[in-house]
Amino acid sequence: MPNNPGDAASRISALAAARWRIAIILTVAMVLIYFGFIALIAFNRALLAHRLTPGLSVGIVLGALVIVASWLLTWVYVRWANRHYDAALDAIGRDEGAGR
Amino acid sequence: MSLVFLLSQAAAPAAQTRIGQPNVVAMAFFFVFIAITLGITYWAARRTRTTEHFYAAGRTISPGQNGFALAGDYMSAASFLGIAGLVSTTGFDGLIYSTGWLVGWPVVLFLIAEPLRNLGKYTFADVVALRLRQTPVRIAAAIGTLATVIFYLIAQMVGAGGLIKLMFGLSYETAIVIVGAAMIAYVLFGGMIATTWVQIVKAVLLLGGAFLLAMLVLARFGFNPAALFRAAAERYGDAVLAPGQLVSNPWDAFSLGLALMFGTAGLPHILMRFYTVPDAKAARTSVFYATGLIGFFYLLTFVLGFGAMVLVGPDAIRAVDRGGNMAAPLLAELIGGTPFLGFIAAVAFATILAVVAGLALAGASALSHDLWVNVVRHGKASGTEELKVARVATVVLGVAAVLFGITFKGQNVAFMVSLAFAIAASANFPALVMAIFWRGFSTAGAVASMLVGTIGTLLLIWLSPTVQVDILRHDSAWFPLKNPALVTIPLSFAVGIVVSLLTSVRSTDAENAQHERRMHMGSAGD
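Here the protein sequences come in this chain order: A and B. For the first sequence, this note's numbering begins at 1 and goes up steadily by one. For the second sequence, this note's numbering begins at 1001 and goes up steadily by one.
Do not take every clue at face value.
[Stated by the list, open to error] SDA-like, lysine to any residue: derived pairs with alpha carbons at most 20 Å apart: (1) B:Lys1121 x B:Pro1136; (2) B:Lys1281 x A:Val31; (3) B:Lys1281 x A:Asn82; (4) B:Lys1281 x A:Leu26; (5) B:Lys1281 x A:Ala91; (6) B:Lys1281 x A:His84; (7) B:Lys1281 x A:Phe43; (8) B:Lys1380 x B:Glu1052.
Derived from the structure by calculation, the hints contain no laboratory data.
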């Protein structure tokens, strides 16, 4: 057992809160992007039918961008988790090991 | 220049298609696929000795492999043949599905994948039941799992029978029996190891086939997608590039979108895959790869759908199959002749086989791990016994799938995929999220939430226009939405919260700290 479990527990709590914040912000972003797209389909067809070039309607471009946005959001999360979350977990594990 | 070429191609009448006639190339490709996957199964069978192998491939799958396997589990024939068909006959409207089927994956990554890997063992019920009373929670979770799996399975089997009949000229029943037998063989002998590799082979074939087909289409338009879309608009009117009739009711669109987005995060055969990797970080990385692969695939469906619209034509596509499902195979035939048609047909068959194998394994784990071991035997069964029960459950589910396929022959079962997503989103997803993130979640709250989610979804689907108008041919339906997720997801959350607040047993700070620790550091951190 770690010799100061309370300290590790509070560090995990802080990290859990940070992860929850990131997860919720990114989930809400995804919901807004996708349902924003659906709302445009439902309520503003004229905008989506508008042509940027003879072959590209705003609708097709936005549809492709929803997919690109999904990629970007997963990339943002993985980058945060790999850099900060994993490092913080490693540090907690290391300090416990040192205190044994 | 591409347009001139295009107009000359337009004269090709669809009556010349060889779809539906026995196709030597398709048969050859298909038998190669069966031989390879059964070889994998033989190899995997010798490595499947414990429940951990059978359910979770010994937790030795790498993130890259699991990324492909997740993509393979998820990209069903419905997304390959169905979306291409929908886009080729309706244009832009089909793209609503292309995007909707992807946006659930980031949600899986942000909310589910890592906590699930750290908190559970084999099934998502492990996580829901972790801090609660096993028996009632396991039963409720198994009902949600089996409902999702069975409706998904029926849709796949009926689709498989029809498609194989169209593409290979085999009888419907023969096709169903072949699919059922191959599925049982993979899962029974090779467990998760074989199922994972079948998914990987299938994902590579499907992505490769779709990419090749899309590139051959784009080659005719100077590798410029906009030129392809312009050709579609010039031929069939500007409306094909804009929203049309599919979304006549905005609330229907929101409800379907919710089911697709949150249903992905509640599909048992997808959730189960996160236990096949060594740790939570590997689970995270595998979703990142899967999102990339699946998104790439759905971008290809833009090209395949509009390519089939321009080169084959909506009328010719509907003439072969009213639902438009043959758009991609017809396109392959037009571009690469009978050999390419054979290849794409074999890929579609492989796709169906792989998806039903994943579903069968998820259903078998609910029957054996959740119901038999944790309810009937109160968690006291030996590993040998559990493995035996899981194998019996696999055979039972395989036989049931064949019988379902034959029973529902000729029925309209397309709605069952969105029904499966609605149940997953309303019964499995809310309970999972509350069990992971809310310390006040109680046994009664979990059971009530999952049962209300499952039963509410079934009831409202029955009362919806999907069943009442489209199938039973009544004039109107009591419930206005085609997909009930807009009502049932919030309802399931609300029931879970209210019942938990009424029955909550306060957990101690030490228990909460231990749960939090395990969620982030895994059970090794205990």
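Status of the hints after comparison with the structure:
1. Between the alpha carbons of Lys1121 of chain B and Pro1136 of chain B the distance comes to roughly 18 Å, so the proposed pair stays at or under 20 Å and holds.
2. Distance check on the hinted pair: Lys1281 of chain B and Val31 of chain A sit about 24 Å apart at the alpha-carbon level, beyond 20 Å; violated.
3. For a cut-off of 20 Å, the pair hint linking Lys1281 of chain B to Asn82 of chain A stands: about 8 Å separates their Cα positions.
4. Among the hinted pairs, Lys1281 of chain B with Leu26 of chain A is consistent with the structure: their alpha-carbon atoms are about 18 Å apart, no more than 20 Å.
5. At roughly 16 Å between alpha-carbon atoms, Lys1281 of chain B and Ala91 of chain A fall within 20 Å of each other, so this suggested pair holds.
6. Taken as a hint, the Lys1281 of chain B and His84 of chain A pair is honoured in the structure, with Cα atoms around 13 Å apart against an allowance of 20 Å.
7. For the proposed pair Lys1281 of chain B and Phe43 of chain A, the alpha carbon gap of about 41 Å is over 20 Å, so the pair is violated.
8. Taken as a hint, the Lys1380 of chain B and Glu1052 of chain B pair is honoured in the structure, with Cα atoms around 16 Å apart against an allowance of 20 Å.
The earlier numbered hints that this structure contradicts are 2, 7.
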